[in-house]
Amino acid sequence: MSDTSPAKTQETTSSAENAVELIDVTKRFGAFVANEAVNLRVKRGEIHAIIGENGAGKTTLMNILFGLLQPDEGRIVLNGKETVVTDPATAIDAGLGMVHQHFKLVPSLSVADNVFLGMEIRRNGLIDHAAQVEKTRELSERFGLKVEPQERVSLLSVGIEQRIEILKVLARGARTIILDEPTAVLTPQESRELFQTLRGFVADGMTVIFISHHLEEVMEVSDTVTVLRHGKHVATRPTAELSKDDLVRMMVGRDVSFDRRQRTKTSREVVLDVNNLWARDERRLPALRDASFTVRAGEIVGIAGVAGNGQTELAEVLAGLRPASHGSAMLKGRDLTALTPAAIRQAGLAHVPGDRMVRGVDGSASISSNLLMGRQFKAPWSRNGVLDWKGVAKQAVEMIKRFDIRARGPEDTVKRLSGGNIQKVVLAREFTNDADFLLIDQPTRGVDIGAQESIHDEIMRQRAAGRAVLVISVQLDELLTLADRILVMFNGRIMGEVEGDSADSERIGMMMAGLNANSAASEVAA
Amino acid sequence: MEVLDKLLNVALLVATLRTTAPILLVALGGSFTTKAGIFNIGLEGQMLVGAFFAVLGSIWSGSALIGVACGIAAALVFALAFAVLVVSFRANEVVVGLALNILAGGMTISLMKAIFGTRGSIVGQKIVGLPKVQIPGARDLLGSWAPLISGYTPMVYVAFIAVPLLVLFYKRTRLGLYIRVVGEKPEAAEALGISITRVRYTASLLCGLLAGLAGAHLSLGYITMFTENMSSGRGFMAVAILIFSAGDPLKVLAGCLLFGFADAFSLRLQTFGFPSYLILAVPYLVALVALFALSYRSRPRIIRETLESMKKMLSVETKPAETGSNHPR
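From first to last, the protein sequence lines stand for chains A and B.
Take the first sequence: its letters are residues 1 to 526, numbered as in this note's numbering.
Take the second sequence: its letters are residues 1001 to 1329, numbered as in this note's numbering.
Keep in mind the hints are simulated off the structure, nothing from the lab.
Watch out, some of these pointers could steer you wrong.
Said to hold, decoys possible - Here are the simulated lysine-lysine pairs, PhoX-like style, with alpha carbons at most 25 Å apart:
no.: 1; chain 1: A; residue 1: 378; chain 2: A; residue 2: 390
no.: 2; chain 1: B; residue 1: 1171; chain 2: A; residue 2: 104
no.: 3; chain 1: A; residue 1: 135; chain 2: B; residue 2: 1126
Computed from a predicted structure; not experimentally measured.
Extracted from the complex, chain B is given alone in its bound form (with noise of 0.2 Å):
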């Protein structure tokens, strides 16, 4: 029991909370291409880039919040470079989502080299970290509880919030509507007249947008550093939720929370002295375990066919030899 109260309490939530926060940002974002028809497997690049760009941003002019404008813009450059090659030129989007993920890995590094001649990464009390917000009242209100709504950096609380907003987004707003037509049915969209570029461009940069601010968490956030490959597959990850959500917000959220608390309740297994390479493979494997689960109900008919043909083919080879003594009816 004592064990169990260790393991869950309000800490772990919020540290859910707080992990679940950078993927659930970069995921809506890939929501917007999701639903308008392009699979882009370019998040990771540009969360990377957007987190490098904030901490540089924050170095340069001492602001926090110019250093996010820079991580998104960079991560927009990203997007838009995406939809010129994808949109314009027809380029597949696997090749050009990986080329673009190769070159934010090897760009950041190069260009830590070039510019602060380090390796490894960057960390100084130059960078100057986002503010966490206090909500007034919240300890009056909740008292032990109160940690769960107060004292996250902004991108929490704008993570959390983009979820009901991209719901009324694809509900009630003519852009929405658009990228979910031109995604589901292009050939409406152009009958119609709508602009199928156009609605993938701004669907593409919506995704750099969102996903430049899930970066600049990364390294304006708790942590106030940059390092190589900071994303580290938390891209991927929204990117294999955005195949089982189909996109949809509310599906997507609960894809981020359960790998969110996955993240949290590894970190909290290592303080039992679990040994940590296991640990860290924690939340990859319910990943996998979530992804299996629901694609279960597919499953059993690839089985079951599978199964039925190899029965076919095996009573075409044996009805020649009926009486042979291979198989004794």
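The following block holds chain A by itself, in its conformation from the complex (with noise of 0.2 Å):
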């Protein structure tokens, strides 16, 4: 790699000024090797950024540096002072701390049990609730990361649970703190007031190290990026002399495109039209709130919104894979809310779930099975009622072909593909339906940027040939790059709609924290 050389020259500066070394590791999971002689310097007292696609071997590293794993070859220089990381607590008492990208907070405990939970505070043997509220009161104010001591976790929001994480990673010392994709969960403003707390923390001489594949992300906060690609590093720059383009080339190894589409507009007739639907989650309480709205043919209409405000059980409903409590949703006239979920297919829906493993794919049948499920008794999947297995091979070599799912055959196991081939063999299915509707929820979570160029290439052509899409994502970037209108939800109601050509972030990240469109404007306008 021609673009180590920054990194090389830097090996004869002073160790110690690098909170973190890692030099030549190297990990191999059997043939496969996730990190390949990575090289790894992180300055005291700067923001580091790791940015790689999925399967660049990043999380494999950071766990290597926190002691989750050991690596093959290589050493690990903590503070100018070469170490061997054992385990966590090796890591811990080097000052090192680690926030998940999955918390693991304990909901049924307060704040102060779970920031305290495994160095509990004592007393005669027992443990000491109002020392650990004190304590935890303490440091939420030195760090200003605001959290009420007493409050349980069951009851508290995903910003304030990451909040608790970096106050338990703070709790035990540490004064370099690695981040496993911390904005993946926040709305653009949690993720503003988390790069502030980050910020203050380099201003008191801490070290943070920032995983994350969310460039303009990685662009704003940090001042070093390390990029890695298929397990070996890339490059190592300060940020301020990278632009997003070369980020992505580093990345990636080509130039890709993350423009908006270029599109003409269209004024079709309505296929999808919604009126004042409501629904229920699984507590019983309003999730879905008087949702009305509508999706023409040859138009993609997106919804934006932070995990958990009711887009999850908008999708469900218009699958017919939950009740609706009250409304309407016409699909070419017919009642969706009347329909099973099978009714609702023949109707015209193609559905790509949320969560493939769950409701997109069959893990443990082949690649060909799971194409076929769902139309067992069309032509030319069967005949006279019997399958005709030459014609399923037939068909999901081609799907293959044209989806470009990287498998070795149609008969492979489909839970052995990476998520975004697995995604393209949900995305086949569905698209090759010809259904007038499509109502595709998450399209690329968890998919690598190569693939998610592929997959909205699908989308925009299925655009072109006039179906009326739905897409449901977390990622704004991706609404933007695709929709010609965007809904936003918050707390189960649409909060308002902007056009996509017209769209900007700051005004959609208001809506997504539940401030309404008009007062939204005015405040940006403030």
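Two chains, each in its own frame: build the complex with the hints.
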């Protein structure tokens, strides 16, 4: 790699000014090389972003640093001292702290109990809850992470849960904090608050390592960027020297376009007409409140919002998987809320579910079986009510080619594929049903950038073919790329609608946080 | 009125507490495993071997205390076997629990045959039972209500004192906290370096300890004998109580008291000449009704959802034939 030279030159500088150094770290899982001779130098007092596609080896590298995995080769130097990090306890002792992507909080315990779990303050052998509350309050005030120490975690929002995770790390005396995809679950505003906090840490002399594949954030918050690709170190550069396009090129190894897709405006007939739709969640509370909107043929409508604001319920009601408590959803004149899932599909729905492993595929079945599902009674998949496996295989081979599914063949087991390829199996099945209405929940969740682009291409092709498309996504960029109109959901309600051409993420972000369109607009103006 | 007096009096309350004690002990034991996230249906078997070996130890040593220790040791061996299979080897909890229960039943019968040459039960003067504890001054203080707090065998006190201790244990001790965390969010425990395996083993052994005590209480408490299958479903009843209490000590106490009361009440009814097979079913009926009542809140939804999906099916079926005469508007 020719790009490694900046990193090489740092070797001559005093290593004591580096909080973390990984030298020629290699990690193999069987024949698969997750990290190959990776070098990483993180200077003390900087925000260092590590970026790369899924499977580029970011998380593996951090797990090695934190002692959750052992490297096959290479050395780790922490604060100028060579250290063998045998387990997380060693890493914590050396002043490292890690905030995992999936929070590990105990819902029934209080904030303070969670912060001090594993290092409880005890008096006379009993846990001293009062002291823990006091200490948590101190930490929270000192670092500007607002929490209520006595509250139960089960009642708190995701943003606050993340604060608790950070407090946990701080309570253990961490001076170098590793965050694995910290903004994936946050609203743009919450993300900004987090960045503020991180800058505060750095100003305090602490060091932050920040894993992300969200390029805007990396550009916004980091001082230095390290790019990994296919387990190899590509480059380490000061962020200021780089553009977003440079980063994408380094991550993917080629040019990828995420500009807004070109389109011609159409105004055709309404395919889906949703009126005053309500639905309840598992706790019988209203989760979808009074949603009304339309989707026309040849149009992509996007639903934006932080996860858990009623999007899932909306998708489930439209797919017939959840009863509506009130209202109607007319698909070409038929009310979906009175139909079974099979009848809705008959009426013209194709559904790409949000959780592909649960509702999208049967992981233990072959690709061709998965592509067959739902149309086993139709030609060319079956004849006279008997499956034609030859025909099934032929269709599967065609679809694998058309959707660029990377697999050994049509009989490959689906769960062995990568997330992106599994998603393509779902898309291949749903997009070839000639349905008039496509409901796509999280089209590219867990899919890497190269595959994202081809999925977006396919969605645009469906639009051009005159389908009505409803895309639900927690990734705002994706909606800005694809949608003709964007509806923003908050707390089960549609807060407002913006045109895709004139949408700006600031205004949408306000609505995602629950401010209505008008006041959001005026705040932006102010 | 006279009938009521005869039915409900101090003696009935005393009997309630007495019959509650063994099931409370074993259910509190199960609370450890429940909280640690293990579904332990092996309680019955642990209790049974506890009862058998308590009698055996008592006969051999001539001491009730050593008898209790033997009962506990036997229950701990079963608890350990359960933990090895379930925690270390990840075997299915229900299968292992059932297997150990069957083993306990068969083993006690064959050992009885081998050692005493009898079937059915072990009785005799050589079994030393637990003494009754008289609380000094209880009679002066409470008069005719004194039997409420005085004159039980030791395990009854142990059982009821264990309830507040367990509340404190889960709230204020590190082990108690870790047991809860391991049961509720194992990945959180793992991330903090708490050994899930060690905590689950500990919980399992604590469970064995209390189940052993419960067994010893059965065979060395009010009656000093061992009979085949002497635990007679108390372990399973404890499992049912645990499912609905989620292992919370106070709720466990409430559930056990309900069952104990039903048991004592049915014994009382026998004196009125009702057929005994009906009366013996009373505690189980009460338990069933109570469990239905507790789960009542979730029941209407099941019914409603079934109805709704049926309605949906029907409306889809009938839609093409809207002009048909089957469904006049």
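Hint check results:
1. A:378 / A:390: holds (14 Å)
2. B:1171 / A:104: Cα-Cα ~20 Å, so holds.
3. A:135 / B:1126: violated (60 Å)
In this structure, only the earlier hint numbered 3 is contradicted, and the remaining ones agree with it.
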